[in-house]
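Trainee: Sequence:
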Amino acid sequence: MEQNKTYEDLSGELAAAQRELEQLTLRLAETTAQLEEASETIEAIRDGAIDALVIKSDDGPQLFTLKGSDQTYRIIIEQMTEGAVTINSDGLIVYCNSQFAAMVGIGMEQVTGQYFSHIVSQNDIVLFNRLFDEAWVTPVKGELNVKNARGETFPVLLSLNPLKLEEGPFLSLIMTDLTLQKETQQLLRSKNDQLEEAQEIARNLNQNLEATVMERTRALEISVLQKTLAEKELRRNQEQLTRILETMVEGVQIIDGKGELMYANPMAQRIMGITLNGSENPYHDPAYPRFKMDGTPLAPDEDPLNRVLRSGKPVFDFEIGVQPPGKHKFFLSISAAPLKDEQDQVIGSVGTFMDVTQRRKVIQQKDEFISVASHELKTPVTSLKASLQLLNEIKDNQAVSQEIVPKLITQANKSLNKLSVLIEDLLNVSKIRGGQLVLNKQHIAIYDLLAECCEEMHQEHRFNIRLSGPQQLFVDADPDKIEQVLVNFLNNAMKYAADSKEILIQVATAGESVKVSVTDNGMGIPADKIPHLFDRYYRVDNSGTQYSGLGLGLYICAEIIRKHDGDIGVESEPGKGSTFWFTLPLAG
Numbered sequence: 098m099e100q101n102k103t104y105e106d107l108s109g110e111l112a113a114a115q116r117e118l119e120q121l122t123l124r125l126a127e128t129t130a131q132l133e134e135a136s137e138t139i140e141a142i143r144d145g146a147i148d149a150l151v152i153k154s155d156d157g158p159q160l161f162t163l164k165g166s167d168q169t170y171r172i173i174i175e176q177m178t179e180g181a182v183t184i185n186s187d188g189l190i191v192y193c194n195s196q197f198a199a200m201v202g203i204g205m206e207q208v209t210g211q212y213f214s215h216i217v218s219q220n221d222i223v224l225f226n227r228l229f230d231e232a233w234v235t236p237v238k239g240e241l242n243v244k245n246a247r248g249e250t251f252p253v254l255l256s257l258n259p260l261k262l263e264e265g266p267f268l269s270l271i272m273t274d275l276t277l278q279k280e281t282q283q284l285l286r287s288k289n290d291q292l293e294e295a296q297e298i299a300r301n302l303n304q305n306l307e308a309t310v311m312e313r314t315r316a317l318e319i320s321v322l323q324k325t326l327a328e329k330e331l332r333r334n335q336e337q338l339t340r341i342l343e344t345m346v347e348g349v350q351i352i353d354g355k356g357e358l359m360y361a362n363p364m365a366q367r368i369m370g371i372t373l374n375g376s377e378n379p380y381h382d383p384a385y386p387r388f389k390m391d392g393t394p395l396a397p398d399e400d401p402l403n404r405v406l407r408s409g410k411p412v413f414d415f416e417i418g419v420q421p422p423g424k425h426k427f428f429l430s431i432s433a434a435p436l437k438d439e440q441d442q443v444i445g446s447v448g449t450f451m452d453v454t455q456r457r458k459v460i461q462q463k464d465e466f467i468s469v470a471s472h473e474l475k476t477p478v479t480s481l482k483a484s485l486q487l488l489n490e491i492k493d494n495q496a497v498s499q500e501i502v503p504k505l506i507t508q509a510n511k512s513l514n515k516l517s518v519l520i521e522d523l524l525n526v527s528k529i530r531g532g533q534l535v536l537n538k539q540h541i542a543i544y545d546l547l548a549e550c551c552e553e554m555h556q557e558h559r560f561n562i563r564l565s566g567p568q569q570l571f572v573d574a575d576p577d578k579i580e581q582v583l584v585n586f587l588n589n590a591m592k593y594a595a596d597s598k599e600i601l602i603q604v605a606t607a608g609e610s611v612k613v614s615v616t617d618n619g620m621g622i623p624a625d626k627i628p629h630l631f632d633r634y635y636r637v638d639n640s641g642t643q644y645s646g647l648g649l650g651l652y653i654c655a656e657i658i659r660k661h662d663g664d665i666g667v668e669s670e671p672g673k674g675s676t677f678w679f680t681l682p683l684a685g
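In terms of my numbering, the sequence shown is residues 98 to 685.
Note that these hints are calculated values from the structure, not bench results. Where a beta carbon is used, it is the ideal one built from N, C-alpha and C, also for glycine. Among the hints, a few may not be true.
[As the list claims (entries may be wrong)] Just the calculated beta-carbon pair ranges, DEER-fashion:
#1 420 with 625: 13 to 23 Å
#2 423 with 324: 51 to 61 Å
#3 609 with 345: 40 to 50 Å
#4 345 with 628: 20 to 30 Å
#5 383 with 596: 42 to 52 Å
#6 345 with 290: 47 to 57 Å
#7 324 with 454: 44 to 54 Å
[What the hints assert, rightly or not] Taking lysine to aspartate or glutamate and the EDC-like style, the derived pairs with C-alpha atoms no more than 16 Å apart in a straight line are:
#8 437 with 353
#9 426 with 452
#10 355 with 399
#11 538 with 575
#12 660 with 573
#13 410 with 399
#14 288 with 119
#15 389 with 399
#16 244 with 221
#17 463 with 632
#18 612 with 573
#19 279 with 127
#20 660 with 580
#21 538 with 573
#22 424 with 452
#23 426 with 416
#24 612 with 664
#25 410 with 398
#26 238 with 221
#27 612 with 668
#28 660 with 575
Taking the hints into account, I'd like the entire structure generated from these sequences.
Mentor: Below, the structure is given as C-alpha cells:
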C-alpha cells in the first residue's frame, strides 16, 4: 500500500476491507454449519437414529423412509456431496460411493480392493494410521491430505466410525473436501493481513500527526518544569561522571588549547603531586621532571597531550619516566585524545595514564635474566668444550693421558652436571608457567627423606649439616620434588654463607602440618629484599658480590611447595643469618 495516501482514503479502504472480511467470515460459518449438519446426518443414518430423510433436489423435496432397505441407503449415499467409504480391518476399501471415486479421480471398480492408505499423502501416513487404530474403539476425526490419480494433493476432513455388520467389523469413512474451506481461510487471512496493514498505516499516520502536534507544542511552549528536569538530569550526569573519574585507578588530566591544566582526578593528583588550589596550574611541574625511555629529558612539546593539541590525532601507550622529589623514579603509560568543538576545532586534550613501573621492572628482569642465563650457560659449555678439546689433543699421548685424563673427565662431568641443572631449572619454569608441573606423591617419612639428602650433600661438600626433630612424621608428597627444594635451600646456604661451616635442618610440627627449616649463620638478607626472594628471575646482590645462578631456584621451590598445598618463607636479619622454611600437610 502506498504511504502517500490520505487518511480519508485509508479509512475508506479499511472500512471496505472490514465489510469484505465480515462477508467471508459469514460464508465460512455457513459452510462449516452445512458440513457439521451433513456429518451429523450421516452418523444418524449409520446409527439408526432417524427413520426418514427429506432430500432437496431440482424436482423438489423427496421423502426417503429408512426401513432397512439397502437400496434406499445406497441412493442416499450416492447423492451425498461427501465421499463415503467402507474399509475392513486390513484397511482395504470394500465399498465407496461415486463422489469418493470422483474426488480421487479413480473408477469405482478400481477403488474397491485397494488400501485406503495408498491415497493418503506420504507426510500424513503416521496421522492416518493413528486415526485408523483409534477408530475401532471410538469415532474419530482428523484433517489430512490425500492425493488423486494425477498425484495432486488436497486437504480433507476424515470422519471414521466403527461398524458392526454380520460380515464382521468395518470402518465407515466420510471424506469431506476442505479445499474451498482452506481457500476461504487463506483469503480471510490475506484480507486480515491487508486490514492489519491498513490499520498499521492509520496508526502511523495518527502517531505522526500526534508527534507533529507535540513537537510544535514543545517548540512553542517550554515550561519551567521541563527546564528544571533537564538541568537536574544534567547535574546528575555530571555527578556520575565525576564519581567515575574520582574512583578510577588511572590518572586523568585535561588541558585547554593553551596547554594549561584544567582538570586532574584524584589519582592524577596523587601520582603527580598536583594541587589545584593555586591560581596557576602548570601542566608540567618542574619538581616532577619527565624523561624518555632512553633517559633523556622529555621536552614539553613532546608530551602526548601537547602533541595531540598540535596534530589533532590520538596517541596510545606512550611510556615516559617521572622523577618525583625524594622518591624513586616511576614509569607511566599515557594515552591522549583531542577535545573538539562543534566546528571540529581542537580546543584541548584529555589524557589517561597508568603506572607501569612494575611492568618495566618485569621487562628489565627478563632482560637481565637473558643476560645472566647466557653467561651461566656459557661458562659450563666453555669449560666442557675446553676439556673435550684438550682430551682430543692428548688422546694419542699415552704418557700424558694417564695423568691428566681423569682430571679432565671429572671437570667435564662437573660442567655437564651444572649445565644439566641450569637446563632443568629452565624446563621447570616452563612447566610451571604452562600448568604442567606434575607431582608423583608417595607416603613418606619426611625425616628419612631429609636424612638421605643430607648424607649425599655432606659427601660432596665440606659443611657440617645437622638434622634434628621427630622421625615419625609422614606426608604425602613427591620425594624428588621435596629433595629438590631442600637441595636448593642447602646450596643457597653454602653459597651465601660460605663462612658459616655449619647448617642446621630442623623438623617440627606446626598445627596440621610439618615444618622443615634450614638455618645458616651467614650475612643475612636485607628486609627490603625479602618480599622478592621467591619472585621469578630475582637474584640477591649483597655488597656488590655477584653469585652464579639464574634467579629461578627459589621461585621453583615456592611453586613446588604451593603445589603440595604448603607454605614457604624466610626469616632473616643482616648479620644474623637466615632461616628458610616450608610446610607440608601431615598425612591423614
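Trainee: With a cut-off of 16 Å on the C-alpha distance, tell me whether residue 660 and residue 580 pass.
Mentor: At roughly 15 Å apart (the allowed maximum being 16 Å), residue 580 and residue 660 satisfy the hint.
Trainee: Could you say whether the range 44 to 54 Å given as a hint is met by the Cβ separation of residue 324 and residue 454?
Mentor: 49 Å, holds
Trainee: In this structure, is the beta-carbon distance linking residue 423 and residue 324 contained in 51 to 61 Å?
Mentor: 52 Å, holds
Trainee: Under the criterion that the straight-line Cα-Cα distance not exceed 16 Å, is the pair residue 538, residue 573 satisfied?
Mentor: 6 Å, holds
Trainee: Would the pair residue 612 and residue 573 pass a check requiring their Cα atoms to be no farther apart than 16 Å?
Mentor: 14 Å, holds
Trainee: Go ahead and decide if the range 47 to 57 Å is satisfied by the Cβ distance of residue 345 to residue 290.
Mentor: 55 Å, holds
Trainee: Is residue 660 close enough to residue 573, meaning Cα to Cα at most 16 Å?
Mentor: Within the cut-off at roughly 12 Å; holds.
Trainee: Could one say that the CB atoms of residue 345 and residue 628 fall in the range 20 to 30 Å?
Mentor: 27 Å, holds
Trainee: Keeping to a limit of 16 Å between CA atoms, is the pair of residue 355 and residue 399 held or broken?
Mentor: Within the cut-off at roughly 15 Å; holds.
Trainee: Does residue 660 pair with residue 575 here, judged by a C-alpha cut-off of 16 Å?
Mentor: 10 Å, holds
Trainee: Take the C-alpha atoms of residue 288 and residue 119, compute the straight-line distance between them, and say whether it is at most 16 Å.
Mentor: Within the cut-off at roughly 10 Å; holds.
Trainee: Take the C-beta atom of residue 609 and the C-beta atom of residue 345, compute their distance, and say whether it sits inside 40 to 50 Å.
Mentor: 43 Å, holds
Of the hints listed earlier, there is not a single one the structure fails to meet.
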